[in-house]
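S.K.: Sequence:
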Amino acid sequence: MPTAAAAWEALAAGLESTSRAYCVVISQLQGESWSGSASAAMGSAVAPYLAWATATGAQAEQAASGARAAAAAYEAAFAATVPPALVIANRDQLATLVATNVLGQNTTAIGTCASPGFSETSEPGLILRAWRKEVCSGSEQEVSGRAA
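Residue numbers (the working numbering): 1 to 148.
Incorrect hints may have been included.
[Unchecked claim] Across the chosen pairs, the derived CB separations fall in these ranges: (1) 47 / 81: 48 to 58 Å; (2) 114 / 81: 17 to 27 Å; (3) 52 / 92: 51 to 61 Å; (4) 103 / 2: 49 to 59 Å; (5) 31 / 7: 28 to 38 Å; (6) 88 / 3: 43 to 53 Å; (7) 10 / 84: 29 to 39 Å; (8) 83 / 114: 51 to 61 Å; (9) 74 / 98: 14 to 24 Å; (10) 88 / 48: 56 to 66 Å; (11) 56 / 114: 22 to 32 Å; (12) 105 / 78: 33 to 43 Å.
It is worth saying that the hints were derived from the structure and are not from the lab. Note that the structure is predicted; figures quoted are calculated from it, not measured. Note that the Cβ used here is the ideal one computed from N, Cα and C, for glycine as well.
Generate the whole structure from the sequences, applying the supplied hints.
M.R.: Okay, here's the thing in structure tokens:
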């Protein structure tokens, strides 16, 4: 998305620059040395192109803005997700506890590890809160993406 936004911005800037340059050249020609029916015909001929370039440049800038907003929504949602390393560590620890639970000595630890509140730092509810946050951020990303 950031690449798409940059491409739309470049297109918008190019169209705006072209429109300004055409306006300057036509104004100089008509104001200094070029008058009469040929000058008027040239002004009339270039007017639709200038209108198109200006309108298309504005639309390209809107597309760039939408792409930037969608990228920002994605980045925010990604930052709010449960880190895969934490999930992997949880699953690895659970597998180790289950494999070494010969006499049931790890039953409490397995319950803690398998519960949604597991955390390597023993902070209750960390993963559960992270999953809730993930669901909410996914919904926010969807809304932001649709708005963009």
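S.K.: Indicate, hint by hint, whether the structure satisfies it.
M.R.: Hints and how they fare:
| no. | hint | in the structure |
| --- | --- | --- |
| 1 | 47 / 81: 48 to 58 Å | 52 Å, holds |
| 2 | 114 / 81: 17 to 27 Å | 20 Å, holds |
| 3 | 52 / 92: 51 to 61 Å | 60 Å, holds |
| 4 | 103 / 2: 49 to 59 Å | 55 Å, holds |
| 5 | 31 / 7: 28 to 38 Å | 36 Å, holds |
| 6 | 88 / 3: 43 to 53 Å | 30 Å, violated |
| 7 | 10 / 84: 29 to 39 Å | 35 Å, holds |
| 8 | 83 / 114: 51 to 61 Å | 19 Å, violated |
| 9 | 74 / 98: 14 to 24 Å | 36 Å, violated |
| 10 | 88 / 48: 56 to 66 Å | 60 Å, holds |
| 11 | 56 / 114: 22 to 32 Å | 57 Å, violated |
| 12 | 105 / 78: 33 to 43 Å | 39 Å, holds |
In this structure, the earlier hints numbered 6, 8, 9, 11 are contradicted, and the remaining ones agree with it.
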